[in-house]
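> Chains as they are written, first to last, in UniProt numbering: chain L, 1 to 501; chain H, 1 to 506.
If you're looking for bench data, these hints aren't it; they were derived computationally from the structure.
Watch out, some of these pointers could steer you wrong.
[Unchecked claim] Restricting the straight-line Cα-Cα distance to at most 27 Å, the calculated cross-link-like pairs of lysine-lysine (DSSO-like) are:
1) Lys340/H with Lys38/L
2) Lys396/H with Lys292/H
3) Lys76/H with Lys387/L
4) Lys109/L with Lys398/H
5) Lys340/H with Lys393/H
6) Lys194/H with Lys224/L
7) Lys396/H with Lys342/H
8) Lys76/H with Lys209/H
9) Lys224/L with Lys209/H
10) Lys332/L with Lys363/L
11) Lys396/H with Lys387/L
12) Lys352/H with Lys342/H
13) Lys398/H with Lys209/L
14) Lys27/L with Lys38/L
15) Lys38/L with Lys216/H
16) Lys216/H with Lys455/L
17) Lys415/H with Lys292/H
18) Lys415/H with Lys109/L
19) Lys332/L with Lys402/L
20) Lys51/L with Lys416/H
21) Lys127/H with Lys109/L
22) Lys108/L with Lys416/H
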Amino acid sequence: MSRPPSPTPARWFKALRRTRLGDPCLKTYPLESVDLLKRARVAFQAGRTVKENFRLAQLEAVVQMLEEHECDFVDALGRDLRKPRFETVVSELILVKNEAVYAINNLKKWMQPQKVERNLSTTLDDCLVISEPLGVVLIIGTWCSPVQMCLVPLVGAIAAGNCAIISPSECTVHTTELLHRLIPFYLDNECFHVILAGMSDLPEVIELKFDHVFFTGNKEDGSKIALAAARTLTPVTLILGGKNPCYVDQHCDISTTVQRIAWARFHNAGQSLVAPDYILCHTDVKARLVQALKCCLMEFYGSNPQESRSFGRIVNLEIFNRTRDILWRSGKVAVGGHVIEAEKYIAPTVLTDVAESDLVMQKEIFGPVLPILTVNNVDEAIGFINKQEKPLCVYAYSTNGKVISRLMSETCSGSFCSNDCILQSVMVALPFGGVGASGMGSFHGRYSFDTFSHKKSCLLRSARFECVTYLRYPPFEDRNLSLMTWASSLSQKSQGWCQIM
Amino acid sequence: MVTLEPIIHLSRELLPTPKFFFGLTTNRSRVGHLPLEKMESQSQVLERLRTAFESGVTIPEKFRRTQLTNLMSMIKDNEEQIVNALHKDLTKPKFEAILSEVDIVMNELHYALSNLTSWMQPEYVSKNLATKLDDCFVRREPLGVVLIIGPWNYPMQLLILPMIGAIAAGNCVVIKPSEVSAATDNLITELMPKYLSKDCYAVVRGGPKETQALLKNRFDHIFYTGSQAVARVVLQAAAVHLTPVTLELGGKCPCLIYGRVNATAAAHRLVWAKFFNAGQSCVAPDYVLCSKATRDALVPALRQVLEDFYGSDIQKSPDMSRIVTPKHWTRLMGLLNRTKGKVVVGGEHDEKDRYIAPTVVVDVAEDDALMEEEIFGPILPILTIESLEESIKLTKRKEKPLAFYVFSDESSVVKKVLENSSSGGFCSNDGIVHMALPGLPFGGVGNSGFGHYHGHWGFEAFSHRRAVMLRGWALEKLNALRYPPYSDEKLSWLRWTTSPKSCSIM
Chain L
1 MSRPPSPTPA RWFKALRRTR LGDPCLKTYP LESVDLLKRA RVAFQAGRTV KENFRLAQLE
61 AVVQMLEEHE CDFVDALGRD LRKPRFETVV SELILVKNEA VYAINNLKKW MQPQKVERNL
121 STTLDDCLVI SEPLGVVLII GTWCSPVQMC LVPLVGAIAA GNCAIISPSE CTVHTTELLH
181 RLIPFYLDNE CFHVILAGMS DLPEVIELKF DHVFFTGNKE DGSKIALAAA RTLTPVTLIL
241 GGKNPCYVDQ HCDISTTVQR IAWARFHNAG QSLVAPDYIL CHTDVKARLV QALKCCLMEF
301 YGSNPQESRS FGRIVNLEIF NRTRDILWRS GKVAVGGHVI EAEKYIAPTV LTDVAESDLV
361 MQKEIFGPVL PILTVNNVDE AIGFINKQEK PLCVYAYSTN GKVISRLMSE TCSGSFCSND
421 CILQSVMVAL PFGGVGASGM GSFHGRYSFD TFSHKKSCLL RSARFECVTY LRYPPFEDRN
481 LSLMTWASSL SQKSQGWCQI M
Chain H
1 MVTLEPIIHL SRELLPTPKF FFGLTTNRSR VGHLPLEKME SQSQVLERLR TAFESGVTIP
61 EKFRRTQLTN LMSMIKDNEE QIVNALHKDL TKPKFEAILS EVDIVMNELH YALSNLTSWM
121 QPEYVSKNLA TKLDDCFVRR EPLGVVLIIG PWNYPMQLLI LPMIGAIAAG NCVVIKPSEV
181 SAATDNLITE LMPKYLSKDC YAVVRGGPKE TQALLKNRFD HIFYTGSQAV ARVVLQAAAV
241 HLTPVTLELG GKCPCLIYGR VNATAAAHRL VWAKFFNAGQ SCVAPDYVLC SKATRDALVP
301 ALRQVLEDFY GSDIQKSPDM SRIVTPKHWT RLMGLLNRTK GKVVVGGEHD EKDRYIAPTV
361 VVDVAEDDAL MEEEIFGPIL PILTIESLEE SIKLTKRKEK PLAFYVFSDE SSVVKKVLEN
421 SSSGGFCSND GIVHMALPGL PFGGVGNSGF GHYHGHWGFE AFSHRRAVML RGWALEKLNA
481 LRYPPYSDEK LSWLRWTTSP KSCSIM
């Protein structure tokens, strides 16, 4: 592992001082990360995070931080993404609070050792599965939902009793700076740290050896992270984007469908991992769909979305250029299409006459662009979806239960939702994660706790009762073997010889 | 499905005895010698399996049951051949082979068949206010084509047990037996296509080169049991395709003996666990930590128990296994020669026979040769550390092992060790058996691996948990609260309806 040149004292001091809101963030050098990791390890070894009281206190501190600094978060996300206050509060703050409260309410239950069914010989023993914390985990956030994707995994990591180092995205500078500034005031300073590292530095940070790495982002970066983790045998959870298909059947309630799709696609100016990426719409219903979308967008954002306070902006010029490129080189604009570079503004846009080979269908769309492709029937739609990589979500709109059922059972994705979008990824009780190219592992609620825990199987035996165990000792005799087999046939088939081991 | 039973029974009558048969196939270089269809290339095999998976044939419960039942027949019908193959590879005594390779697999099969229906059921979750009229559940879906790479120390168990989970979960499976345990490799390659669907399950053979080539392909999950060094290679190959991996690695499993303890009882269980399969188990107690007094009581007990178990001339006992290859034998002898400890029991060895006597070494220091790497052989070092706290600190300085053992009659000692250690599994007053219960997850943590299997955990390891929400069209008025144009009034409503008990009304 190559090390950067040792920072001069002035540079070192600069890196450590807290920045005020509005200043650009300073990087955390890998050398400093080494130090933070060491501190977190020492704190973990000392057993600070293991006690239930500590975990509850930290979770409550997270809730407190979100409540007391709501305005600061709204402001920071406003500067980064021009995110409307409503969206910040609902999709970032309330969501994280819900997770934290859910964890607080269920922590005792989750921390209980699970008793396992015992067999004949272990009746006098204790067979348990204990959830143990892993150690120090690394959480790498993304810029689409910067607060949510850093703090929801953090809630899980805290609940499971770990120490954590968070690396929020370098794209959302103000939100990252805010987290960097606030977290030391609310969470334990030895156990939890925020580092400012870019994608190019992260593989090096991962090679410092963490006990789990949680990454949200795109597929290329995910692969780099997985490779770095592979070198140190670190388990990873990857939440990667994908092109989420949305099938609209000819039998559906168009007005409701359009409202739900439009909300899902255009909130946060289309920058979401779980938004429907493209529509596969039945030929019969396409014209009505486009018309309905036009009306709906007018209702949501007015005749000039640029002036609407409910519509956001693209996070930075790089993503803006990328999305604008995709927009200009694909299909026909049916609704919207205006772009203003100075503001990083792209109007809510609907594209029609899109071919499978168009750029918009080759890359994941991070922007308010919704391509519509037509299919003749459900079979075509399913075939099309299955030709692509497994996405994070598959959506289907239909009043026909059979169609929904077919789409659910004949496709594969991280999650599935019928007649709505995004909600399945927001429910605390449902696991949220990808499969195949959209990632591995899941989180939310209990699943977060399990992701950051190790399930240790424990068998607590007594040495005193040797009456039956002697059968397994050498010198081996066929007689003993037959006895064991005979004894196992007396009981349930599923127990076998370990009955009397 | 055509039943092969009469054909197999008939062919058994006609074939020469198993011993003769395996005499023909011991030459590892004659891989293509087996009387089966022509060897397909790896990519052809994978394509066939992928087509089969995409056709959906592995999804119905009936298919999975049939395959599992056939697997059970395969083990039952060929028990003798399996035992003989294992004897050929590791000189495994029949008792050990049946216990640790045949019965444990049969157990797992019975468990899977009894529980398959309930495992396949969707798991309904508690709903919140807004989703009361909807269906929210988690579906278990198969991943696709999975790869299982087996090791040589328990060549049947550690290959077939994960395979059971993979089949039960509805996947197509490629298995790669270890070429080191050649006879078992041959046997599995011969038997598998006779009992399981050839379209959905395949055996790929070969050494490191073939395995590396195999790993270049894309799988939907890789299950690897073996060493850390190879695990890194597997993980890196998997990372390119973003394939999830389950790693079952070893580690130095410590065995702490403190407090009040019955030396004879502890010696029985310790000897059994340590020298089973000549110490070549990933969960064998690797080294012992105890006080001087305990050691002085333990060593004669160990000596006595070894004599009770294997007789006075252990090399002649049919109940003691051998080391798998000359290379591994040499490695172990190297460790024994370099140790600065004192050999108090055993120490005899025979290179031609690949035999090392059950050996106990005392006065071993923390930086001894025997403490450098996982021993994986019949050598038991005893480190003398007076206090339990110091012992626990020593184990914390080492990597997290696959198993952690403690022998003590005092529950406070057991509790202290349990709460101050981390390992894949934990067992007090015994060794190895904790992995025999299908209800307990078997897996490592840290450098001993990640992921679990056995029983339901195996099913989960090879499944994708897909969250499904089936919404209705009703309550759109309620939904309208979340749509733009945003207003503070709507926000207040949404906030008010958010309560700690139920999720947001979104």
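> Against each hint, give a clear statement of whether it holds in the structure.
Here is how each hint holds up against the structure:
Between Lys340/H and Lys38/L, the direct Cα distance comes to roughly 34 Å. Violation of the 27 Å bound is thereby established for this hinted pair. With a C-alpha separation of about 21 Å, the suggested pairing of Lys396/H with Lys292/H holds against the 27 Å cut-off. With a C-alpha separation of about 42 Å, the suggested pair Lys76/H and Lys387/L falls outside the 27 Å cut-off, and the hint is violated. With a C-alpha separation of about 31 Å, the suggested pair Lys109/L and Lys398/H falls outside the 27 Å cut-off, and the hint is violated.
Between Lys340/H and Lys393/H the CA atoms are separated by roughly 22 Å; this keeps the pair inside 27 Å, and the hint holds. A distance of roughly 42 Å separates the Cα atoms of Lys194/H and Lys224/L; the hinted pair therefore is violated under the 27 Å criterion. Distance hint between Lys396/H and Lys342/H is fulfilled; the C-alpha atoms sit about 25 Å from each other, no more than 27 Å. For the given pair, Lys76/H sits about 33 Å from Lys209/H by alpha-carbon distance, which is inconsistent with the 27 Å threshold.
Taken as a hint, the Lys224/L and Lys209/H pair is honoured in the structure, with Cα atoms around 25 Å apart against an allowance of 27 Å. Restraint check for Lys332/L and Lys363/L: the C-alpha separation of about 17 Å stays at or below 27 Å, so the hint holds. A distance of roughly 49 Å separates the Cα atoms of Lys396/H and Lys387/L; the hinted pair therefore is violated under the 27 Å criterion. A C-alpha spacing of about 25 Å is found between Lys352/H and Lys342/H, which places the hinted pair at or below 27 Å, so the restraint holds.
Simply put, Lys398/H and Lys209/L have alpha-carbon atoms about 15 Å apart, close enough for the 27 Å limit, and the pair holds. Straight-line distance between C-alpha atoms of Lys27/L and Lys38/L comes to about 19 Å, which keeps the hinted pair within the 27 Å bound. At most 27 Å may separate the alpha-carbon atoms for a hinted pair to count; Lys38/L and Lys216/H exceed this at roughly 36 Å. Restraint check: the Cα-Cα separation between Lys216/H and Lys455/L comes to about 31 Å, which exceeds 27 Å; the hinted pair is violated.
Only pairs whose Cα atoms come within 27 Å are accepted, and Lys415/H paired with Lys292/H is accepted, the gap being roughly 22 Å. Taking the CA atoms of Lys415/H and Lys109/L, the gap is about 20 Å. The hint holds against a cut of 27 Å. Restraint check: the Cα-Cα separation between Lys332/L and Lys402/L comes to about 33 Å, which exceeds 27 Å; the hinted pair is violated. A threshold of 27 Å between alpha carbons decides the hint, and for Lys51/L with Lys416/H the separation of about 15 Å falls inside it, so the pair holds.
With a CA separation close to 19 Å, the supplied pair Lys127/H and Lys109/L stays within the 27 Å bound. With a C-alpha separation of about 21 Å, the suggested pair Lys108/L and Lys416/H falls inside the 27 Å cut-off, and the hint holds.
The structure fails hints 1, 3, 4, 6, 8, 11, 15, 16, 19 (numbered hints given earlier, in ascending order).
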